[in-house]
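Asker: If you read the sequences in order, they're chains A and B. Per our numbering, the first sequence starts with residue 20, numbered consecutively. Per our numbering, the second sequence starts with residue 3, numbered consecutively.
Be careful, since some hints might not be right.
Listed next, the stretches of chain B that the computed footprint assigns to chain A, with coverage defined by at least 3 CB atoms under 8 Å from CB atoms of chain A [said to hold, decoys possible]:
{"hint": "1", "region": "28 to 41"}
{"hint": "2", "region": "350 to 358"}
{"hint": "3", "region": "367 to 374"}
{"hint": "4", "region": "407 to 419"}
{"hint": "5", "region": "422 to 435"}
{"hint": "6", "region": "446 to 452"}
Partner residues aside, some chain A positions facing chain B, computed with beta carbon under 7 Å [as the list claims (entries may be wrong)]:
{"hint": "7", "residue": "L48"}
{"hint": "8", "residue": "T173"}
{"hint": "9", "residue": "E379"}
{"hint": "10", "residue": "R446"}
{"hint": "11", "residue": "L473"}
{"hint": "12", "residue": "P474"}
{"hint": "13", "residue": "G479"}
In short, the hints are calculated from the structure, not lab data. For each residue, glycine too, the CB sits at the ideal point set by N, CA and C.
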Amino acid sequence: MGEAQARLRVVVLGGGTAGWMTAAGLAGLLPHRCTVDLIESEDIGIVGVGEATLPHIRGFVEKLGIDEAAFMKATHATYKLGIDFRDFGRIGESYIHPFGSFGEEVGSIGFHHYWLEMRRQGLAADLGEYSLAVCAARANRFAPPAQDSSLASTYGYAYQFDATLFGPFMREHAKGQGVRRHEGLVVDVERDPASGNVTALVLKDGRRIEGDLFVDCSGFRSVLLGQTLDEDWEDWTHWLPCDRAAAMPCTHRTADLRPYTIATAMPAGWRWQIPLQHRMGNGYVFSSAHLGEEEACRALVAAADGDPLADPRILKFRPGRRKHSWSHNVIGVGLASGFLEPLESTSIYLAQMAITYLIELFPDGGRIDPRDRAEFNRLVDMEYDRVRDFLILHYHATTRDDSEFWNHVRTMQVPDSLAGKLELWQRAARIEKYSDGLFYDASWIAVYVGQGMLPQAHDGRTALPDPARVAGALDRLRHEIGRQVAAMPGHVAYLNSERARLADTAV
Amino acid sequence: MSAPRERLRRVCIVGGGQVAVLTAVAMRRTLPDCQVVLVGTPADPGAYADRALTALPFTNALHERLGVDEQQIVARAGGSHRLVQRYFGWAAPDSMGTMAYGAELDAQSRTRFAREWGGGPRNAGSGGRVAGSAAHSLAEVLADAGRFAVPPAGQATPLDGIDFGLRWNGPAYRDLLVAAAQARQVVYVPGTLEGALRDAAGGLASITVAGQGAIEADLFIDCSGPAGSLIALVAGDAWHDWRPCLPVRHLFHARPGQPLLALEDRATLVPQGWLSAVAGRDGLHLVLGYGEKVGEAEARAALPGQPEALVEIAPGCRPESWVGNVVALGDAAAWFEPLAHLNLDLAHRQLALLLEMLPGRPIEPLERAEYNRRAALMAAGVRDVLALHYAAPQAQVVFGQQVLPESVAHMLDQFTRRGRVPFREEAPFAPAEMAALLLSLGYPAGKGAQAGSHDAAEAAAARRAFDQRAQAVLAFAPPYRDFITSGAQATGNPVTDDLQY
Numbered sequence: 020m021g022e023a024q025a026r027l028r029v030v031v032l033g034g035g036t037a038g039w040m041t042a043a044g045l046a047g048l049l050p051h052r053c054t055v056d057l058i059e060s061e062d063i064g065i066v067g068v069g070e071a072t073l074p075h076i077r078g079f080v081e082k083l084g085i086d087e088a089a090f091m092k093a094t095h096a097t098y099k100l101g102i103d104f105r106d107f108g109r110i111g112e113s114y115i116h117p118f119g120s121f122g123e124e125v126g127s128i129g130f131h132h133y134w135l136e137m138r139r140q141g142l143a144a145d146l147g148e149y150s151l152a153v154c155a156a157r158a159n160r161f162a163p164p165a166q167d168s169s170l171a172s173t174y175g176y177a178y179q180f181d182a183t184l185f186g187p188f189m190r191e192h193a194k195g196q197g198v199r200r201h202e203g204l205v206v207d208v209e210r211d212p213a214s215g216n217v218t219a220l221v222l223k224d225g226r227r228i229e230g231d232l233f234v235d236c237s238g239f240r241s242v243l244l245g246q247t248l249d250e251d252w253e254d255w256t257h258w259l260p261c262d263r264a265a266a267m268p269c270t271h272r273t274a275d276l277r278p279y280t281i282a283t284a285m286p287a288g289w290r291w292q293i294p295l296q297h298r299m300g301n302g303y304v305f306s307s308a309h310l311g312e313e314e315a316c317r318a319l320v321a322a323a324d325g326d327p328l329a330d331p332r333i334l335k336f337r338p339g340r341r342k343h344s345w346s347h348n349v350i351g352v353g354l355a356s357g358f359l360e361p362l363e364s365t366s367i368y369l370a371q372m373a374i375t376y377l378i379e380l381f382p383d384g385g386r387i388d389p390r391d392r393a394e395f396n397r398l399v400d401m402e403y404d405r406v407r408d409f410l411i412l413h414y415h416a417t418t419r420d421d422s423e424f425w426n427h428v429r430t431m432q433v434p435d436s437l438a439g440k441l442e443l444w445q446r447a448a449r450i451e452k453y454s455d456g457l458f459y460d461a462s463w464i465a466v467y468v469g470q471g472m473l474p475q476a477h478d479g480r481t482a483l484p485d486p487a488r489v490a491g492a493l494d495r496l497r498h499e500i501g502r503q504v505a506a507m508p509g510h511v512a513y514l515n516s517e518r519a520r521l522a523d524t525a526v
Numbered sequence: 003m004s005a006p007r008e009r010l011r012r013v014c015i016v017g018g019g020q021v022a023v024l025t026a027v028a029m030r031r032t033l034p035d036c037q038v039v040l041v042g043t044p045a046d047p048g049a050y051a052d053r054a055l056t057a058l059p060f061t062n063a064l065h066e067r068l069g070v071d072e073q074q075i076v077a078r079a080g081g082s083h084r085l086v087q088r089y090f091g092w093a094a095p096d097s098m099g100t101m102a103y104g105a106e107l108d109a110q111s112r113t114r115f116a117r118e119w120g121g122g123p124r125n126a127g128s129g130g131r132v133a134g135s136a137a138h139s140l141a142e143v144l145a146d147a148g149r150f151a152v153p154p155a156g157q158a159t160p161l162d163g164i165d166f167g168l169r170w171n172g173p174a175y176r177d178l179l180v181a182a183a184q185a186r187q188v189v190y191v192p193g194t195l196e197g198a199l200r201d202a203a204g205g206l207a208s209i210t211v212a213g214q215g216a217i218e219a220d221l222f223i224d225c226s227g228p229a230g231s232l233i234a235l236v237a238g239d240a241w242h243d244w245r246p247c248l249p250v251r252h253l254f255h256a257r258p259g260q261p262l263l264a265l266e267d268r269a270t271l272v273p274q275g276w277l278s279a280v281a282g283r284d285g286l287h288l289v290l291g292y293g294e295k296v297g298e299a300e301a302r303a304a305l306p307g308q309p310e311a312l313v314e315i316a317p318g319c320r321p322e323s324w325v326g327n328v329v330a331l332g333d334a335a336a337w338f339e340p341l342a343h344l345n346l347d348l349a350h351r352q353l354a355l356l357l358e359m360l361p362g363r364p365i366e367p368l369e370r371a372e373y374n375r376r377a378a379l380m381a382a383g384v385r386d387v388l389a390l391h392y393a394a395p396q397a398q399v400v401f402g403q404q405v406l407p408e409s410v411a412h413m414l415d416q417f418t419r420r421g422r423v424p425f426r427e428e429a430p431f432a433p434a435e436m437a438a439l440l441l442s443l444g445y446p447a448g449k450g451a452q453a454g455s456h457d458a459a460e461a462a463a464a465r466r467a468f469d470q471r472a473q474a475v476l477a478f479a480p481p482y483r484d485f486i487t488s489g490a491q492a493t494g495n496p497v498t499d500d501l502q503y
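Isolated chain A, as found in the complex (with noise of 0.2 Å):
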């Protein structure tokens, strides 16, 4: 329908997880204003550790048609409804942080006041005992949650899955929206002398794939955002010092899954534990500065709840962002644009984000308005920026003084945009509000009381109902939670149950 427009021809570059969503997203949701070529070589590996998501994959994967069941199947995917965080603010305690909230407020009071108050005076459980997604966590049940506004409507859900799968299920569904495939390595990158413009990608063999609009998801190489433009990069390594993973699957130990990922604290970073259908994923991620990779590896061994099936394999990261991740006619998706570290899963939504962002504001008329350009990276700023505050708040909220890396962490100077928020939560309870980008009142409430960074001073209004009426209301709301989770079927079985999700090998 309407008038031909000449089709803007988009040369996406990389076949990681980026580069086949970028190029899913973009045959699947703009047939009449491009084409898409994706160049990738078998000579370079993916990355491909997002193996834990968030629930907006699910809005990704149901625009572009892809059936829910197929998906799981391809990618050996179970359900997840959080991160389970171990050992973060002080060894031996762990919290959920859900995708879900807790209580609902009363009164224009947020629930966690009242859970203050009452946990003041001896009337209040564990926070997560007051969040539908941590108790069915904690039992490891699972069913999809309601489309009301009632109290099964306060969870989402996402996947874990096998990375690895993921980017080749997203390549089958690519190609068959008409994404062109070319193999090979990229030697040369011809520019426009006038504009600055990339025009082609030339590959060792001579071949030339020449283009209008270019989407560098070369990963951390950020072969065209990063060495042919040269755009900036910000550094964030003093505030996340993390820059290694080592990461190794193993078998299941249990027939029982997990509906959640888990997170545990380590002395120079963290380890990451998910389950899939056939296996389960485990990783180190560390500092450099304040362990060796030999040492990393044995660690991740030692912890492996199964046995190993892979020798660990160690992945090199940097923290931060690309001052501009839409340059020229270039624009950075995954890797390519930015990194943050997998704590709180979310590299592949700031790849989906990104792509969101581009198909809004894709090229008009053949022609890259710059301020759709400015649009752009103000939006993965933001995003980003958010994400990186989120993250700096587990290391930061922590009483661990057991290793270097921890002292460095606990004591280090965060960003402002950062020390703002905590210091407000301390003195009066409150959570700066924002209502786009990731991470609401509910996720930070999760980690700062989880962490055991509690606040000095609470509303004043939750003292004044009779304690005996709210603590009734609380035990209420627990029952009611006790039972919607008792009513659930256990995360395998719901599996089970759908055997159309299940890959032919699994469980």
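Following the hints, put chain B in place on chain A, whose structure we already have.
Answerer: This is chain B only, laid out in the frame that chain A set:
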């Protein structure tokens, strides 16, 4: 171990209008052990949050929270419902645009998880920012047919998610609030301000009321109108001047005309300025807003009906509406013309913010800063919505060209070129509502990047689904007059038979 903050012992509210009285009710409800003193100062005719005879859907939710019964407003204060706001002549001389409100336009954000967890519009599900879809709403279908009823609570009906602005008779509504304030033992002190004593922390220790002596309080709330008689004492003349972007300097109010039952209100661009018409069961309320170049005689001639009051206005806001222990609400915080029904909406959203961030003793500077940050975003959002009106094609002909705030230029650029509405924190309208407003004012929506990607069959299916829902709401909703006369005890005013203007 976290301890409860010491609560405020006495709150003193200054002002005689509906904002002050509702604030007093709210304070007594949220702080039952606090003395609330309402100093009833003479009403300021230029206080538009107090003069407002209607608000936006947010107020309905606030009323419910504060125990102000909507059915009572309908039964005893001439309450009626606005489903849509119509704009005549803003896009072109004979144009008409229609804006509806609310949840129906943002159906994807219905689950509590989607509202509470983060990720913005990309939250789980097929969220999008397609501007064009807001052009037709069920609210408009109902307004066109003159059918509506507020669905009974607690049961699903086809009308769920259709939001409205409530209108009322000013004095009767205020009487309802006064009764609520009396029932809650608000201490009422009529009088005028004589003086004030500063405290050491940049706020006030006490105020003096003529014939009443000094009144001390932990927190003072200034609802005195544009003069801001308390906030000015502690904040000086710090002021964000909105005049460069908002050209209206005078408002001519007509004596209320014939009672009128209608589901729509109107803002019409006329050669002299704009004419706002709010339908009331107590009469049709007309206001002409005009700029510097129009003389009083010319304005008087352009006003249909008998002139009742002429108000001069210099729109702007306080950069910080909470200074020391003084919080300004309503016109004391932001003063602007009654276009788009934002005056009371802003006052009520800032009151709700104060209830959320209610300080203890002593006040924490950081929570005051957070309040000021959010309150300033709310005010800026109002300025932007008003500035959008004056940048509309025909408004530029009538008023001349105004300074366009950068945030408005950004929004217009993104909307007209790309068909997207950038999200703004604390904005008065959700993105889908903003899209409807922009279309009503004559800004053409740019084609979204995905336009043309949906095939014709998909568009036809969406159309059919909408038509089915439209049939369902029309079948369910009674004629609006039946609903009003069945539910409401007569107010004594005969209501015209004509549902349309």
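Asker: Just to make sure I understand the rule, a stretch counts as covered if three or more of its residues have a C-beta closer than 8 Å to a C-beta of the chain. Does the region 350 to 358 of chain B meet that for chain A?
Answerer: holds (count 3)
Asker: Counting residues of the region 28 to 41 of chain B that have a beta-carbon nearer than 8 Å to any beta-carbon of chain A, does the count reach 3?
Answerer: holds (count 5)
Asker: Are A:G479 and chain B close enough, Cβ to Cβ, to be under 7 Å, as the hint says?
Answerer: holds (4 Å)
Asker: Test coverage of the region 367 to 374 of chain B by chain A using CB-CB distances below 8 Å; three residues minimum.
Answerer: The restraint on the region 367 to 374 of chain B holds, since 3 of its residues have a Cβ under 8 Å from chain A and three suffice.
Asker: Verify this for me: three or more residues of the region 446 to 452 of chain B with a beta carbon less than 8 Å from a beta carbon of chain A.
Answerer: Answer holds; 5 residues pass the 8 Å Cβ test.
Asker: Taking the least C-beta to C-beta distance, is A:P474 closer than 7 Å to chain B?
Answerer: holds (5 Å)
Asker: Establish whether the coverage given for the region 407 to 419 of chain B by chain A is satisfied; the threshold is a Cβ-Cβ distance below 8 Å, and no fewer than three residues must meet it.
Answerer: Satisfied; 4 residues make the cut.
Asker: Using 7 Å as the Cβ threshold, decide whether A:L473 counts as touching chain B.
Answerer: holds (5 Å)
Asker: Mind checking, does the region 422 to 435 of chain B have 3 or more residues with a CB under 8 Å from chain A?
Answerer: holds (count 4)
Asker: May I ask you to test the interface hint for A:E379 with respect to chain B, counting a Cβ-Cβ separation under 7 Å as satisfied?
Answerer: Holds, about 6 Å.
Asker: The hint names A:R446 as touching chain B; please verify it with the least Cβ-Cβ distance against 7 Å.
Answerer: holds (5 Å)
Asker: Does the closest beta carbon of chain B sit nearer than 7 Å to the beta carbon of A:T173?
Answerer: holds (5 Å)
In this structure, none of the earlier numbered hints is contradicted; all agree with it.
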